[in-house]
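**Student:** Residues per chain are reported as follows:
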Amino acid sequence: MPDLLIELFSEEIPARMQKRAGEDLQKLVTNGLVEAGLTYASAAAFTTPRRLTLTVEGLLANSPTTREERKGPKADAPEKAIEGFLRGAGLTRDQVETRETPKGNVLFAVIEKPGRPAAEIIAEVLETTIRNFPWPKSMRWGSGALKWVRPLHSILCILSDEAGATLVPMDVDGITSGDTTQGHRFMAPGSFSVVSFEDYTAKLKRSFVVLDPAERAQAIWHDATNAAFASGLEVVEDAGLLAEVAGLVEWPVVLMGKIGNDFLGLPPEVLQTSMKEHQKFFSVRNPKTGRIERFVTVANRETADNGATILAGNEKVLSARLADAKFFWENDLRVAKSDMNVWTQALENVTFHNKLGSQADRINRIAALARELAPVVGADPDMAEEAARLAKADLSSEMVYEFPELQGLMGRYYTEASGRDAAIAAAAQEHYSPLGPSDEVPTAPVSVAVALADKLDTLTGFWAIDEKPTGSKDPFALRRAALGVIRLLLENDIRLHFERMAIEAAHIVYESFESSFNVFIPDGGRKQGVKDSQLVMSGYDRNEVEPHYVTFEKPRNLYLGDDEMAFVGGGEVVPFELKRTKVIVEDLLAFFHDRLKVYLRDQGIRHDIIDACIAMPQNDDLTLLVKRAKALSETLKTDDGENLIQGFKRANNILTQAETQDGVEYSYGADVKFAETEEERALFAALDTAEAEITPAMAEQDFTTAMAAMASLRTPIDAFFEATQINTDNQTVRRNRLNLLSRIRTLCLSVADLTKIDG
Amino acid sequence: MSQTPDTPRSFQEIILRLQTYWATKGCAVLQPYDMEVGAGTFHPATTLRSLGTQPWAAAYVQPSRRPTDGRYGENPNRLQHYYQYQVLIKPSPPDLQELYLGSLQAIGVDMALHDIRFVEDDWESPTLGAWGLGWEVWCDGMEVSQFTYFQQVGGHDCHPVSGELTYGLERLAMYILGVDHVMDMPFNDPQTAIPLSYGDIFKQTEEEYARWNFDVANTDVLLDQFKEAEAECEKILGLAHEDPKTGKRIIMAHPAYDQCIKASHIFNLLDARGVISVTERQAYIGRVRALAKQCADAFVQTRAGGWQPEDAA
Chain G
1 MPDLLIELFS EEIPARMQKR AGEDLQKLVT NGLVEAGLTY ASAAAFTTPR RLTLTVEGLL
61 ANSPTTREER KGPKADAPEK AIEGFLRGAG LTRDQVETRE TPKGNVLFAV IEKPGRPAAE
121 IIAEVLETTI RNFPWPKSMR WGSGALKWVR PLHSILCILS DEAGATLVPM DVDGITSGDT
181 TQGHRFMAPG SFSVVSFEDY TAKLKRSFVV LDPAERAQAI WHDATNAAFA SGLEVVEDAG
241 LLAEVAGLVE WPVVLMGKIG NDFLGLPPEV LQTSMKEHQK FFSVRNPKTG RIERFVTVAN
301 RETADNGATI LAGNEKVLSA RLADAKFFWE NDLRVAKSDM NVWTQALENV TFHNKLGSQA
361 DRINRIAALA RELAPVVGAD PDMAEEAARL AKADLSSEMV YEFPELQGLM GRYYTEASGR
421 DAAIAAAAQE HYSPLGPSDE VPTAPVSVAV ALADKLDTLT GFWAIDEKPT GSKDPFALRR
481 AALGVIRLLL ENDIRLHFER MAIEAAHIVY ESFESSFNVF IPDGGRKQGV KDSQLVMSGY
541 DRNEVEPHYV TFEKPRNLYL GDDEMAFVGG GEVVPFELKR TKVIVEDLLA FFHDRLKVYL
601 RDQGIRHDII DACIAMPQND DLTLLVKRAK ALSETLKTDD GENLIQGFKR ANNILTQAET
661 QDGVEYSYGA DVKFAETEEE RALFAALDTA EAEITPAMAE QDFTTAMAAM ASLRTPIDAF
721 FEATQINTDN QTVRRNRLNL LSRIRTLCLS VADLTKIDG
Chain Y
1 MSQTPDTPRS FQEIILRLQT YWATKGCAVL QPYDMEVGAG TFHPATTLRS LGTQPWAAAY
61 VQPSRRPTDG RYGENPNRLQ HYYQYQVLIK PSPPDLQELY LGSLQAIGVD MALHDIRFVE
121 DDWESPTLGA WGLGWEVWCD GMEVSQFTYF QQVGGHDCHP VSGELTYGLE RLAMYILGVD
181 HVMDMPFNDP QTAIPLSYGD IFKQTEEEYA RWNFDVANTD VLLDQFKEAE AECEKILGLA
241 HEDPKTGKRI IMAHPAYDQC IKASHIFNLL DARGVISVTE RQAYIGRVRA LAKQCADAFV
301 QTRAGGWQPE DAA
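Line by line, the protein sequences are chains G and Y. Residue numbering for the first sequence follows the numbering used here, starting at 1 and increasing by one per position. Residue numbering for the second sequence follows the numbering used here, starting at 1 and increasing by one per position.
One chain only, chain G, in its complex shape:
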């Protein structure tokens, strides 16, 4: 059985796409082969910057001949039916057999598909694969129409067995297949032919190409850690960087270089980020001090001077980069130590969102809200406010301008350098968290206050201007912000009246509109036609008699009074409506409830259970809501709990029916003296006991106790229904029983809205 070797040789493939491309090549080709009847023993794909390679072992030399028998209509069936059958089978009338069956003479077609040689199938499958390859981005080149990730230069495609290798002939837009490939671009230019996969890998290695990316990564890591170890140092692990670097070279040569003494005082994160982002260097750390002292770069070749020129060049480039970083760091520290307010002031000129004002406006809002939130989360209001004012100051720093991914972290360094409290500095870094479902949630009260304020301001602000997420569109990551709030509240066990806080946040948003855009256009102004950023301005006093015109150099929002604002910029005036506070808050709460469902579903809590709890009072206290939902979920997992729901529903159904029929509400007055059966009296007693437990437990918000008491009603309720007919001729007894059912309903509904539970 032959082996197949395919190599698609091209100009340099982006490192980040290589792994997936290898997998796709293997999947598409082997699936295609198997579909055509060519099974195989094993397959593997490999990638280098210039090639995608697939080896398939133990392939069938031919696809098997297949024989298919199809039963057709009766021999005397109408001509049309027979014609249809023949067309479907691709045969003529004399090619089909007539066989006697119990149902009479029936036509049978025997379709035989002869097997095809593997080469023919491979050529077809490979061409289809090349033409439809799922590159994330592909391109054309020269005058051709073929698309590939970068120009495709050659196709190697051979079948080999004991007898030797045979070429699989094919031609894709002028690229004909062959049995040759090329070695390393610089170290072994020129092409050579190969006869098998073993021959291919061996010759490649002789031509300075390591085919297997895992082998390259391993070699890089091995040599890098060895080099570092020899100097008493360690390489900072970075799997992503290792994979990327392994995708940039065919012949990895590890070189360890020095970082100039001038730069060793930079924060390790800065060194690491600068080296990784710009140069794709590994950081080498001194395990004793934790400082980054050297770097490892991976060259793509050996040289006569053992990499001395390459290393010198890389060190020089790094010095230039780090000189920039040091310059930023020192400038930033100078600002931080003298007056960080310079940075927050600069944020007045940075737009956060054209309708929500500048970053400075936003910071003012967050600071005001953090102050309100502080007591709720156990933080000092002054500290929370100050932390919020400084938390985004680093956005103006030169370092963050250069490396946006260092935002927050630099804020922490700079705030510390300014001599402020460590809790305030920590908030600069931690207030962005949690960023994703796996990101840690801050616990320090000041950080929590600022983190909550930041997210609530964002949500309320975007709700106010009606920029809510829709479908898959969530450009401002509002779902993530809401999930962040949920996790901050739950994981810190914070009891927050969301409505009250959202109203507060909305007021702050409105105040910020008013204070920063303290102009409004009287209706007349707009009706007269306001053009080209010239607006009638009359200050705060709407009764001012003589409006005057102002010209705005920069776009801004104008508060028009009531719920209206206008966005003015680029020569346009675009009025837009502001949502009323009440609408914002209601809608936002519903959004949070939705997010909460998603969050709890992942924790195994059913959506109907959450609905049953959302229907209860104080549903804007998310922590309370979740406690209730968790207790209910646990209760419903017990046998009593599950059956209680049936009992409750039965009681509720009978009661609702009777109430509709009688036109009265049975809500009060069940008396044990009208009870006729043992079970009825037992239910009275059970309800008394349960009520005595549930009421105080609910007052204590001890849902577990309350729900256990509720579940204990299951047996008496079941027994009652078993033994007792509600609808009797005796109206007094009937009314009494309905009122008894009403007690069940009232008691159960005081714990959660069980009508919402499925089943």
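Hint data in this document are derived by calculation from the structure and do not stem from the laboratory. Hints may be right or wrong, so weigh each one.
Simulated crosslink set (EDC-like; lysine to aspartate or glutamate; CA at most 16 Å straight-line) [said to hold, decoys possible]:
hint: 1; chain 1: Y; residue 1: 235; chain 2: Y; residue 2: 258
hint: 2; chain 1: G; residue 1: 337; chain 2: G; residue 2: 398
hint: 3; chain 1: G; residue 1: 276; chain 2: Y; residue 2: 180
hint: 4; chain 1: G; residue 1: 147; chain 2: Y; residue 2: 157
hint: 5; chain 1: G; residue 1: 597; chain 2: G; residue 2: 611
hint: 6; chain 1: G; residue 1: 280; chain 2: Y; residue 2: 136
No experiment lies behind these values; they were computed from the predicted model shown.
Following the hints, complete the assembly by docking chain Y onto the known chain G.
**Tutor:** Then chain Y, alone, in the frame of chain G:
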């Protein structure tokens, strides 16, 4: 970089060697475009000539201006006025990478000692409505060129595809000449009677332009000029193809494109003056792009853009 007998000795020698190299490889060696542009790509020899079906091969130096990059001549490698070397070949030849590596060798980069890498870098110009795929080329970890296969320009798919090479001349030359500050770089032969450094020629102008760009340029005038350029471009392209005076079919794609270039540069100046907000930025870029697209639409209607008289029928 290590000095060998083959190493050039001045900035201009590097430029001259590139000119000679690309001339021997069959490129028309053009002169810089006589307008202020942000990059060599803006030269009509690239932007417009990458459109349509006519083959093309050109190489040229293009002085480029980026007002926001001005540092009063103090930064070792940031300048508001600098030089790019640009090569555009259509259709892109199959050995373009080898041709490019040959050019590095021609300017003294010894392939046996250096580590040359092609690192993914996709190119996009929002102002030109253009994009392509390619790499930044690294020499020992330093970016020395951009290498792009144009896929779309002015909103038009490129058929055939042009290969574009852009060398940042100052940075490349500093590396080859072993200079740390651009102003210290020898511009002509340092052994000559009157040696001139890059700083002798440009230090003063960097200061003058930085002051003007950042603090003095009259923004009201610039805003008007932007609108005028925009209006003129649209007017030019709105005219009938047939010239009433000569009766010839004359589509004025190039004069219109000059106005587009002008608008783009004025936008850059306004940006440096800090009067363009984040929101407005997008709007301005969109307006320049709209002009670029209209110019591209016009150019493909011309002979140089591949139009044939038969097409009119």
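**Student:** Against each hint, give a clear statement of whether it holds in the structure.
**Tutor:** Status of the hints after comparison with the structure:
1. Y:235 / Y:258: holds (13 Å)
2. G:337 / G:398: holds (15 Å)
3. G:276 / Y:180: violated (23 Å)
4. G:147 / Y:157: holds (13 Å)
5. G:597 / G:611: Since the Cα atoms of residue 597 of chain G and residue 611 of chain G sit roughly 9 Å apart, the hinted pair holds (cutoff 16 Å).
6. G:280 / Y:136: holds (14 Å)
Comparing the model with each earlier hint shows a violation of hint 3 alone; every other hint is respected.
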